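Trainee: What follows is each chain in one-letter form.
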Amino acid sequence: MALRGSRGDVAIVGIAETPPLAPGKTALQVQIEASLAALGDAGLGLDDVDGIATAGLAGKFDATTVAEVLGVQPRWVDTTNIGGSSFELFVAQAAAAITYGIADVVLICYGSVQRSARSRTLSSAEEAVVPLAVHELPYGPPLPVAAYALAAQRYLFETGATREQLAQIAVAARDWALLNPAAYRHDAGPLTIDDVLSSAPVSSPLHVLDCCLVTDGGGAVVLTSTERARDLRQPVVTVLGTGALSSHRGISQMPDLSDTGGRQSAEQAYRAAGLGPGDMDVVEIYDSFTITVALTLEALGLCARGEGAAFAEDGRLGPGGARPINTNGGGLAHCHPGMYGIFLLTEAVMQLRGDAGARQLARAETAVCHGTGGYLSTHATVILGVNR
Amino acid sequence: MSADIAVDEPFFIVQRCRSCGNVQHYERPRCLRCRSADLAAEPASGRGVIHSFTLVQRSPLAHLDPPFVLALVRLEEGPVVMSHVVGTDASQLCCEQSVVATWRTFDGGKRLAVFQRSDTQERHAADTR
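In order, the protein sequences belong to chains A and B.
Using our numbering, read the first sequence as starting at 475 and increasing by one per residue.
Using our numbering, read the second sequence as starting at -1 and increasing by one per residue.
If you're looking for bench data, these hints aren't it; they were derived computationally from the structure.
On a predicted model such as this, the values are computed, not experimentally measured, just so you know.
Just so you know, not all the hints are guaranteed correct.
Stated by the list, open to error - Computed footprint of chain A on chain B, listed as stretches where at least three residues anywhere in the stretch have a Cβ under 8 Å from a Cβ of chain A:
#1 56 to 69
#2 75 to 89
Said to hold, decoys possible - Short, incomplete list of chain B residues facing chain A, as computed with Cβ under 10 Å:
#3 Gln22
#4 Phe51
#5 Leu110
C-beta atoms are modelled at their ideal positions from N, C-alpha and C, and glycine is treated no differently.
Excised from the complex, chain A in its bound form (with noise of 0.2 Å):
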């Protein structure tokens, strides 16, 4: 789809280039060096970039692992690696970016040791030097459950909230899933709080049941105009509004281990789509683990900070509750293939067709779809709304 209004709009405003030999430096190195100059070129500095692309450092959480170097938390990531294109692609996305007006200032960058380092294999080689790897990984922490585990320990001594209330998360997620013929613990009768405390221990406080599934598991969403929607089959849902931040790489640079930038991405949604909390029918919240669920309601707003645990208490997130939220039972009843977030888009879409059978939400005009990546590192929100 072409990108109206958007000829001419963007421009390059910054450029650097480092020497073809970096003897001793790493790939990471590199690229830094190229991002600080470029934005000198430019006159910028690193508090102007909102978004940063690059690719082909660690193979994942690539753009997330050069803005916490740089100390930028962007709220416009893109990591996606298809070659020596994926500039040129970066070009295009950062443009259409900036023109949707989810960035204003985009920082592409890349770097290679490849001579110096005499391997092609660079991912490999690059993943033992990335901060995570020198810092943290020595420390042989299970990831990622003992990140989620350091962060629920701070929850529980910062707010006093208790296992119990955490546990009330998981008993409403397999609620959901009880009423959904497709969820993994379908069949598997309702979950008590004892159940959840007593279950084997993971990484203090979290034990097994406080942890998402692991299963196999797909799903994919497909977009387009939403003047080529209305000559489709199915009601139009549109995005109403997007937001997203990546705030850190490892869990010992996050700025506040009860606060997320789960608050700045929704913030953004909120502020798109022109709604708040409150106009939210749907809540679709990755859970990755209890301690996710709670973060992210205190983040999105539905409660304020530090009440997140006590919020699920009373049934409130689960069927007939106040609040209901994770409709389909979630990472922590319905599947967990490795990466969630597909399936709050597949769900919320579902409930807002009303195509949500025995889980149906009586009031479904307005969804809001939350993401959480890495170790509380990454978030993402959108805002879903139905032309009936």
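For chain A, the structure is supplied; the task is to place chain B on it using the hints.
Mentor: Below, chain B alone, put in the same frame as chain A:
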């Protein structure tokens, strides 16, 4: 517990910004707070508090047997580092307890900067006099 060797590699090296005074870890090209390039490396004192901790039941590293206490320690200079807490049962640990750094060595020469509770360390030092 044997005394650590006197002249030693620092447990952690932090960066102090000469422009605004911010202290950060790990080292960055610019100050995270004011973006200055005027940064100086300095050894951390080794004193801090437990910012958070978790008793880990499985280990991805062959030389590190679970269970062990993984922690985030807030150095007295300000930044947070990942480490371990050794020498105290997890049930006796709490956020904000004072800790002090020490070295933990492994077969094959690997070593990690880890922490122990400050009052434990004082008791051990007293025992060895």
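Trainee: Does each hint fit the structure? Answer for all of them.
Mentor: Quick rundown of the hints versus the structure:
1. 56 to 69: With 8 residues close enough to chain A, the hint holds.
2. 75 to 89: holds (count 6)
3. Gln22: holds, 8 Å
4. Phe51: At about 6 Å, which falls below the 10 Å cut-off, the nearest Cβ of chain A leaves the hint on B/Phe51 intact, so it holds.
5. Leu110: holds, 6 Å
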